[in-house]
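S.K.: Here is how the chains run, residue by residue.
Protein chains: 2
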Amino acid sequence: MEKKVSGSVVNRLPRYYRHITDLYESGVERISSKELSRRMNVTASQIRQDLNCFGGFGQQGYGYNVEMLRSEIAKILGLDRGYTAVMVGAGHMGRTFATNTKFESRGFKLIGIFDSSPSVIGTDIQGHTVMDYAEIGDFVREHKPEMAILTVPKEATKSVAEDLRALGIKAFMNFSYTELREMEGVIVENVHLSDSLMRLSYKISEKEDGGR
Amino acid sequence: MEKKVSGSVVNRLPRYYRHITDLYESGVERISSKELSRRMNVTASQIRQDLNCFGGFGQQGYGYNVEMLRSEIAKILGLDRGYTAVMVGAGHMGRTFATNTKFESRGFKLIGIFDSSPSVIGTDIQGHTVMDYAEIGDFVREHKPEMAILTVPKEATKSVAEDLRALGIKAFMNFSYTELREMEGVIVENVHLSDSLMRLSYKISEKEDGGR
Chain A
1 MEKKVSGSVV NRLPRYYRHI TDLYESGVER ISSKELSRRM NVTASQIRQD LNCFGGFGQQ
61 GYGYNVEMLR SEIAKILGLD RGYTAVMVGA GHMGRTFATN TKFESRGFKL IGIFDSSPSV
121 IGTDIQGHTV MDYAEIGDFV REHKPEMAIL TVPKEATKSV AEDLRALGIK AFMNFSYTEL
181 REMEGVIVEN VHLSDSLMRL SYKISEKEDG GR
Chain B
1 MEKKVSGSVV NRLPRYYRHI TDLYESGVER ISSKELSRRM NVTASQIRQD LNCFGGFGQQ
61 GYGYNVEMLR SEIAKILGLD RGYTAVMVGA GHMGRTFATN TKFESRGFKL IGIFDSSPSV
121 IGTDIQGHTV MDYAEIGDFV REHKPEMAIL TVPKEATKSV AEDLRALGIK AFMNFSYTEL
181 REMEGVIVEN VHLSDSLMRL SYKISEKEDG GR
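Chains A and B are the protein sequences, given in the same order.
Everything in the first sequence is counted per the numbering used here, starting at 1 for the first residue and increasing by one.
Everything in the second sequence is counted per the numbering used here, starting at 1 for the first residue and increasing by one.
Think of the hints as simulated: they come from the structure by calculation, not from any bench.
Just so you know, even glycine gets a beta-carbon here, dropped at the ideal spot from N, CA and C.
Stretch-level coverage of chain B by chain A, calculated; a stretch enters the list once three of its residues show a Cβ under 8 Å from a Cβ in chain A:
| id | region |
| --- | --- |
| 1 | 68 to 81 |
| 2 | 89 to 98 |
| 3 | 101 to 111 |
| 4 | 162 to 173 |
| 5 | 176 to 182 |
| 6 | 187 to 198 |
Please construct the entire structure, taking both the sequences and the accompanying hints into account.
M.R.: This is the structure in structure tokens:
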């Protein structure tokens, strides 16, 4: 199918996908933009604009077919392509992310978790036995994952990313509290949890000042 | 000072703040939009547009005064207002966030961490002794934090948020892998780590298809 979705719509699609998936999993078959608007706290016209721009799923007086909408959004996001990922770093961040994330419905199968600390290697995280980082080269050459999730200490981020890039990894999701610079030919998604703190600070101060 | 900053600029300001702070902490006194552009991988014209919209810090041929720019961004984000926060949930997510976040330079002082599990109460996280959630009422009434960070299990999110709202907490940062709906008069920032996974899936698929 053709993609011609703007960047800001793409940024909003994951949230639509989560909400539509919740509906789907609760057995809801169709939903109006008005009801979706209420659940998501977004205007109905924003929803119509976002969802209609990639196909006319919504029908006047019927609403959206939940299953169809879900599968279309999944296709646009590439969630149906069977990508695989490895995680490097089995500390607190790695553990919480591996334990709580529904990887397969978010586009990736997690196929291996690695760490270099002897106290962590061999332990279990959601059915994955943590492997020795020293073995990641053979593993990546054999299984060819598209993506690596970095939950390593700050200091290690750059060298791990360079190792993995040399092994052919094409995309990184970086949780390491330090920004990974763009590398040529590689996709990087830096997750900065503290940016949310600052946005919240802004919203509180704005409200204190009388909500301009 | 007057705020008249658009939503999308506000969303980008935390990243500017992080980069400018790194420069400031390395002793850099001024920086051109061109050099900042290279470091941040954003066009120089985007930078000028974003930063000039709230004051003319940049001077032709001189660039930005790093210290001044940093302090102006901090003011706009409300980072200088001395807000305080409590954290509920001292599991893996709470621990990693409390350990790695520079709270005070991100707008909030973390003043207490709570959990209801006897195995965690009394343990130490970055100098904070984890307190019993049963005591949070007295603590909040006494210290009046503006914000609560929720790193509790999914099932507990809603009831904890309602407890805290009744105690007067006005803003929530929610990491709980479930969306906290807007509550009247309360600011909610839901952090969905798996949305980044889906955005990455989109980018990989887009690239596979030839980078439209």
